[in-house]
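Could you put together the complete structure from these sequences and hints?
For reference, the chains in residue letters:
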Amino acid sequence: MILNYILKLIPLRYRLLNIIMRTFIFLFCSLIFAFGPKNGFSQEAIINVSSKKTLNAKQLFKLINKQTDYKFIYRSDLLKNAPEIELSEGDIKADILLTNFLNPLNLTYEFTQNNTVVVKKISKTEVISKPKKNEEEDILQRIITGNISDSEGLALPGATVVEVGTENGTSTDFDGNFSITLENDEASLEVSFVGFTSQIVNVSNQDEINVNLVAEDSALDEIIITGYGTTTKRDNVSSIAQVKGDDLANQPASSVNNLLQGRAAGLQVTSPNGSPEATPTIRIRGLSSIQGNNNPLFVIDGFIAGTDFNLQNINVNDIRSIEVLKDASALALYGTRGASGVILIQTKNGKNIQKGDNNLTINHYTSFSKIANSPEYMNSTDFANYWNEAETLVFGASGYGENDPSVDPLYPNVASLPNTNWVDLVTRDGMINNTDLTLSGNAEKSNYYISFNRWSEEGIIKNSGMDRYSLRANFDVNINDNLRAGLRFNLADRKTENNKVNWNNIQLLSPPARQVYNDDGTYDGLNPVSNSPERNSLADVNERVNHTYATNVLTNAYLEYQLTPELSIRSTLGLGLDFVKQNEYLPTILPERILQGLLGDADVRTRNSRDVLNENTINFVKEFGDHSLKVLAGYTLQKTTYEQSIAGAYGFVNDVVTFNNLALGSDPTVNSVSTSYSQRTFESILGRINYSYKGKYLLTLVARRDGSSVFEEGNKYAFFPSLGAAWRIGDEDFMQGMDYISNLKLRASYGIVGEQGVPAYNSLSRYTPYVTFLNDQVNNAVLIEEIASSGLDWETTYQTDIGVEIGFLNDRYSLEIDYYKKRTENLLLNKPIPGTAGTTRLANVGEIENSGLEVSINSVNIEKPDFSWSTDLTISTNKNEVISLGGEDFINLSSPGNATGDDVRIIPGYPIPTFLGAEYLGTYKTSAEIDADGIIGSVIGGPRYVDKNGDGAINTLDFDVIGDPNPDFFAGLRNTISYKDFTLDFFFHGSFGGELLNAPYHLSYFARDARSNLLPILKDRWTPTNSNSDIPRAGSTFGNYQPRSTVSYQDGSFIRLKNITLTYDLDIPGIKSSSVYITANNLLLLTDWEFGDPEVSNSGDGLNSGIASQVYPYNTTVALGFNLTL
Amino acid sequence: MKNIKTIIKMKNIKLSILKSLMVMVMLLIIPTGCDKDFLDEDLRDGLSPKVFFNNLNEAQMAVNGVYAGLTQNNLYRNRNYRGAIQFGTDIICPQRKVVQTPYNYLMTEGLGDLNAAWREMYLIIRNANSAITNINKAEALSVDEKNQLIGELYVLRALIYYDLTRFWGDVPFFTDDLSTEELSVLPRTPIETVRTQMKSDLAQAKTFLPSSYTGGDLGRMTKWAAAALKAKFHLFDKEWSETLAESVEIINNSPHKLMDNFADVIAYDKTTLDNEVNDEHILWVDFAGASGIETNMLGSPTNLWIEEFNPRLKDNPKNKADKGALNSALAANGQSMTGFGAAIGCPDFANRANWDAGDLRYDVTFMNEYEGVELRFPYIGKMMNLNIDKPRGSKSENIILIRLGDIYLMAAEAENELNGPTNAYQYVNKVRERAFEPDQPWSGMTQGEFKIKMYDERSYELAYEGHRKQDLIRWGILIETVRNTNYTTHAKGAVGNIQPKHVKYPIPLNEVQTNPVLLESDPTNNGYR
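Protein chains in written order, with the working numbering: chain A, 1 to 1126; chain B, 10001 to 10529.
Incorrect hints may appear among the rest.
Just the calculated beta-carbon pair ranges, DEER-fashion [stated by the list, open to error]:
#: 1; chain 1: A; residue 1: Ile589; chain 2: B; residue 2: Ser10048; range: 40 to 46 Å
#: 2; chain 1: A; residue 1: Ser674; chain 2: B; residue 2: Asn10073; range: 16 to 22 Å
#: 3; chain 1: A; residue 1: Ile589; chain 2: B; residue 2: Asn10073; range: 28 to 34 Å
#: 4; chain 1: A; residue 1: Ile589; chain 2: B; residue 2: Pro10516; range: 54 to 60 Å
Simulated crosslink set (BS3-like; lysine-lysine; CA at most 30 Å straight-line) [what the hints assert, rightly or not]:
#: 5; chain 1: B; residue 1: Lys10492; chain 2: A; residue 2: Lys925
#: 6; chain 1: B; residue 1: Lys10501; chain 2: A; residue 2: Lys948
#: 7; chain 1: A; residue 1: Lys716; chain 2: B; residue 2: Lys10050
#: 8; chain 1: B; residue 1: Lys10492; chain 2: A; residue 2: Lys948
#: 9; chain 1: A; residue 1: Lys948; chain 2: B; residue 2: Lys10504
#: 10; chain 1: A; residue 1: Lys980; chain 2: A; residue 2: Lys948
#: 11; chain 1: A; residue 1: Lys1019; chain 2: B; residue 2: Lys10501
Calculated from the structure, these hints are not laboratory results. Nothing here was measured: the structure is a model prediction, and the numbers come from that model. In this text, a Cβ means the ideal position worked out from N, Cα and C, and glycines have one as well.
See the structure below:
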C-alpha cells in the first residue's frame, strides 16, 4: 500500500504531492469501471465512430471501452465540468481521441497494468507532446525544436540540450527556445540546467519537444534526522546542524569526533593530544555544567550510547550523516541527558542504491604522518650554563644577589656533557593503512549494507598505535505491507598500543645533559642532578608493555507495525557491550627499576559494560485540509552496568611470562586485587507533537519525563518540556514577488533540558578499602574519604533559540543564523569545603549562562558543467558567564597551596574557568626597587610582581583576573572546487581570542628544578651583562614560590589548514565508479603561540580547559587512496 | 462493489488479529525490569558505615583505617610537614637551594601554609570520631573489645590534635561524628580546651590499653604510648608535676628500657628491617616501604623523609680524587647514595668541638666521612639507610615520635622546674650514662644552669628526631636562637626574616576562604594578615 510509504518516511516533496493525489484518487472519489474487454489490447487501437455524435466524458470512455480493452479510472470531480466532444463519422486512433479530449482540460492519461487507463491532471513534469506526424513525412536529418521552462512555465535561458550518446548539443536562447539537428534517427535528448534535475526525453516521432524541468531537490527537502524521527530542512523547527558522511570520508582519523571540528556551527572540538587513543573534547554551545558532564550525548542509529562512548568503535566511512542537535526544541527529547547537546550518528544502508542493484566497493588509503609543531628545547651546553649560573647565585654580602665563585657549579665540565634530544629519540614517522570492503544492495522489499574495515596505525611516538577490525551489518526489510523490521549491528575489535612515554617527563625529567645509555650499553636510569632513579623515555618506548584490547558490540533492532494508515507502533531493542582488557608490564630491564632493586610488575585490568535499551514509540500522522499533524509518544528503559577487575602481581624475576601468568609474581605481599561494580538505570516517557498549517506555520511541542537511579529517593524524576515554532515567511503571498529569495524561514524555540552530572552512589557515604602496616605486616583497613552528598537536584538548562534561514537564487546562496541563550541552574559542583569537613563535596550551586551566535553560509560560487566551486563557512561565538555561585565569592579549581598559587577559579561575572595571576613587572633592575617593594627573598635580575595588597609578600591575595581560555569565536571554512574529473576540497579551521595558560613556558621561565628542560628563550635571560632582560636571572626562581602571572598566559588563537583533499574520478570500463585521492591533514598552522601547538596544549575539558601542558603532539599526515565500486 | 466490501471486511479481521499479535510480541520484548525498584541504587561493591561495626573484624578495619591515615602523603613522611617541624632551627641546614620557605621563614597565607597536612589531619580526626561513635553503639562488641579499640582511637586522635595545636594554636575542635554542614563552619577552639580534653582522653586510654603487643599488633597504641603523649601535652603546657608523674610512671612501670648503647637506639638490619622496633621506642609511625605497586594503600607508605638525610652521590666525596675510593667502598658494603642529601648539620652544631668531649652521640649523629673518605658535608648519619636495595623512594624506616630517652629528659626537666636539680640529675644522667665512656654525669648546678644545659642536652640526645623546633618554641627562645645561628648560604635569610609570628603557622588560606568563621577569633590569622 502506498500509505505505508507515507508513514514510513517523509518522502521528497514532489513525490509526496504526487502520492497524496493518488491517495485522493483511490480513497475518496474513485469509481471503478470494470467492463469486460471485447477486442485485444493494442496501443494503436482504432476507434470507429459510426455516426456524428456529441458525447460527454462518461459516454466517450464507454465508447472506447466497448471497442478496446481499455478500462478507465478517473476522479469524477476532474471531469464534472468537462465540455462535451463532437465526433464525426470515421476512424480515429484512441490515443489521439483521448489527447484531443483531455488536453484542453489540462488532463492527460496513463496506461497502467491490466489494460487500465488512469485519467489525471497534467503533472508538472509531463512532457506535452503533439500528435505525431505521418511516418512518410519523416526525413533523415531531423530538426527538433522546443522550449525549456521551469515548473512554473518560466523560460530557462542557457539550458543545455544534448543528444544522448553523441557530442551533439545546443543550449536554449533567452526565451528558452532551442533547435537541434539530430544525428541519429532513434534519438533521445538530455536536457539539463543548473539547479534542476536533468531529464532524458525520447524523441520518438516528435519534432517539437517542450520540457518542464523540475528544480532539483533543494537543500530544503533533505532529510534531517531528529531524535526518534525525521523531518526536512523545510519543516524543521529546531536548530540542528547536519554533517554529511561523504564530507568526512577517507580522512585518516580513527574516530569521527576528530573530524567534526569546524564542520558545524556551535560545535567546538579540541583534541587533547595527538596520540592514537586520544578522545577529543566536544562542546556544543559552551559549557553548561561545571562538575557534570559537558560531552554531548551520542546516539548511534537510535541507540543511546552515552556521553563517553568511544567513537573509535565506529568506522568513519560507514557514517551516512551526523546531526548535531543544539536547541531545546531538539534536545528536550533527551531530557536529563540533553543539556550538553546530542550528536546523532546514522550509518549507511542500501536504500540509496538503485533498486535491484548490488554494489561491492573497495576503498583503501595509506597515510604517512610526521610530528608537527614539535616543542624545542635548549641544547646541553646552554642548559648546563644556565644551571651553573643558577647554582652559584646566593644573596651574598649585598643581600641583592651575586654569583659566588666558591660555590661548586652543577656541571663542572660543560664540554663533556652528552647532548640528547629526547623528543627525536622517542618519535618516528607514523603510518596508517585503512581498507574498507563494502557490500550493499537494494532489493524490492529489503536493503542491506555490510562493511568490513581494517585500520592499522603506527603512531608518531615509537611503539604506539592501533589495530582495528570492524564489521557492520545493516539491513531493513518490509516483511509485508504493514510490518517492517531492521537491524543495525556493529562489531569492533581494537588493539591499542598505548603511549608508553610519560610525555611530561620529556620536559620535566629528561634534560639534554642526561645520557641515554651507560658506558656498558645498558639504559641509563639515573638523573645526573639528583642521582636518583628516573625513567628513561627510550627504555620506556622500547621495553614497557602497555596495550589495550577492546571489543565493542553495538546493535539496535527494530520492529515497526502499521496499525492504521495514520498510526504505527515501533519497538526497538538495543544492546551495547564493551569488553576492555588492558595489560601492563614493567619489565625488570627498566633502568630505574634495576636501580631500585625492583622486580617485574604486571597489572591486568578488565572492564566490561553492558547497556540495554528498550524504546517503544507510537506515531500518529494525519493530514486534514491545510493541517498536518504528527504525534509521537514513547516509553523507554535503559540499564547500564559496569564491572571492573584489576589483578596485579609483583616480583617477576625475569620477563618471560610478563602479564600472562600472574601466579609467577613471587611477592604476594605486594600483589593487588580489586573489583568494582556500578549500575545506572533510566526510565522515561517522551512525547512530541508536530503541527503545521499550510506548510507555513510550524509548531513543535516536545517533552520527556526522565527517571534516573543516581538521584536520591523521592527526587528521581524530572520533567523537561520545550516549544518550537517556525514561520516560513518565504511561502507567504507577499513574498512571491521577490524571486531572488528562494527561502526565508524564521524559527524560535524555548525549553528545558537537564544534566544529571552525578556519579552513581553519590548519595551514599562509603568506605574506601585500604591496607595498613603494623610491624611491617599487612592489615585490612577502611577509611571514609569521600563525603556523601545530599539533596542533589538535576542541573536544569533553560534555552532560548532564535534562528533565521535565508536562501537566495534557488538556494544557490544560503545563510543560517542562530542566536541562543542558555541559562543553567542548580549547577552541580564538587565544591571545595573546609579541610575540617573534607576536600570537596558535590552540591548544587549557582547559575551560569551561555549565549552566542552561529552563522552558516553556503555558497555555490561557480556552477558550470565542467567547473564548479562552492564555499561553506561556519562561524560561532559563545559567551560564557557565571551568574552566581550560591553566595560564594569564588571557587578555586586549582589545588590549594600549589606552587603557583590558586590560578584557576570560577568567579561570578566571569567565564568558566577564569585565570588569575599576579602582574609581572619584569625583573628587578636595581637594589632600590627591591628595597621599595620589600619583598623578602628578591634579588637583582629576579622576577618582580605587583604586591597588590602591599603586605610584602607575593601570594594569591595579590592575584587579579587575567583572562579565560574561551575563544571569542571559532570558524571553519571549506572550499570545494571541481574541474572535470578532479575535485579539490580544502578546509581551514580557526579559533580566535582566548588566553591559554602556557605551563611549559612558565615552568621554564621560572625554572625550579635542574631536572627540567628549558626553552631556548632563556638564553636571553637577565645576566649582569644583559641587564635589560625581563626574563628572570638563573637561580632567582629556583626553589621559590613562583606565582602565575601575566607572563604565564598567552593568546591561543590559531588558523590551521586542517585538511586538503584532491580526488580524481577515473572511468574504467566494467567498473561502476572509481576514483583516486590524496588527502593531507594539518599542513599549516598560523599562530603567535610560543611553544608547540596551542590546540594540542589546550588540554582537558571543562574546568581544566586552557591549561597547556606537555602532551603527545599532533601530526601532519598525507594519505593516498583509491575507491572502486564494482 | 459488494464483493469488494466483503474483502475489505475480511482484511480488517485479519488486521486486528495481526495487531493484537504484534502488541503481544512487543510486550514480550520489553525487558521485565520495569518493576518498581528499577530506579533504586544498587550498591554492590562498597561498604557504608550504616552496615558496618557488626563484628570485631569490621570494627578493627575501621581502626586500622585511622592508622593508615598516619602514612598519608602530606604528614610524617613528607618534607613540607617535617620541614615545618624541623627546619629553621640551629641544628639543621640546607646544603643547596631547596625548600626555601620553611628554612628562610618565608611562609605566609597560601604559601607553605601546610594546607595539605591540615586536610589530612582532619581526615584522621573525622574517621576516628566516626569509629568511636559507631563502636560505642555497636551491640556485637564486648566491653573489653570496645575499650581496646576506643583506647587506640583516643591516642591516635590525641596525636593529631597535639600536632594541630603545636602548629596553629587554637584550632577547630570536635570529637563527635558531625555532619558535613556542621564541620564546614567550625570556629577555632581555644587551645586549652583542646588539650584538656585530649589529656583526659589519654588518661582514659591508659586504663583501656595493654602494656605491649606482639607480632602483627606491634605498633598499635599501648598504655605507655598514651602516657608518653599525655606527658608531652603536659610538658608543652608547663604542667611540670603532671609531666613528671607521667614520665616517672613510664620509667618505673613500663616494659620500655633504654638501650645500652646510644647507637642501638636506631640500629637495626637495614635490609630486612629486623629489630627495627626496640625496647626504647614508645610511639612511632610504621612505614612498610612498599612503593609504586598498586596495593590498596593510602598514599604510599614509604618513608620519604629519610631521603632528606641520605647523601646524594653527585655531591661527594669532598675531594674528587677520592671518587674511586668512595665508589668501591660503597660497592663493597652493598650501599649507595641516592638520597636528596639536602639537609645537613648546621656548621656550629656539626662541629665536633662544640660538643662535650667524649660524647659518643656525635659520631652516631654525624657522618663526615664514609669508610675513611671525606664527604663534602656533615651528613646526618643517625637518620640514614644507604642499603643499595633501598634506593630513593623505597625506604621503610619507622618514624619514631617518642622514645624513652626523651621521657627521661622530660622527667629531668620537669623535676628541675618543680624542685631544682637535686632529684633531676638521676634522670638526665641515666641518658648520659650511655653517651659517654667514661661517664660524665651532671652535678652541682643551679636550677637555672640545669635548665640552660638541658637546652643543649636535648639537642644532642634527640637531634634530627623532630623535637628541636618545638622545644625552642616552648622555651621561648626560637627567635633569638635563629637570629644567632651561623647558617649555610641558602638558609641565611632566616636570620633577617624571622619574626615573633613564626612560632605558629597561619591557618591555611584555603581554609580561611572556605570557612571565614576561622578568622572570627583572630582576624590577624596568627599574625599573618
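Hint check:
For A/Ile589 and B/Ser10048, the hinted distance range of 40 to 46 Å is satisfied, since their beta carbons lie about 45 Å from each other. At about 20 Å, the beta-carbon gap between A/Ser674 and B/Asn10073 stays in the expected band of 16 to 22 Å. Between A/Ile589 and B/Asn10073 the beta carbon distance is about 29 Å. The supplied range of 28 to 34 Å therefore holds. One distance hint, 54 to 60 Å for the beta-carbon pair A/Ile589 and B/Pro10516, holds here, with the actual separation near 55 Å.
Of the supplied pair hints, the one linking B/Lys10492 and A/Lys925 holds, its CA atoms being roughly 23 Å apart against a limit of 30 Å. Distance restraint check for B/Lys10501 and A/Lys948: the Cα-Cα separation of roughly 22 Å lies within the 30 Å cut-off, and the hinted pair is therefore satisfied. For the hint pairing A/Lys716 with B/Lys10050, the CA-to-CA distance comes to about 22 Å; that is within 30 Å, so the pair holds. Our distance criterion of 30 Å between C-alpha atoms is met by B/Lys10492 and A/Lys948, whose separation comes to about 27 Å.
With a C-alpha separation of about 25 Å, the suggested pair A/Lys948 and B/Lys10504 falls inside the 30 Å cut-off, and the hint holds. This hinted pair does not check out: A/Lys980 and A/Lys948 have alpha carbons roughly 67 Å apart, beyond 30 Å. A hinted pair counts as satisfied when its Cα atoms are at most 30 Å apart, and A/Lys1019 with B/Lys10501 does not qualify at roughly 41 Å.
The structure does not agree with the numbered hints 10 and 11 stated previously, though it agrees with the rest.
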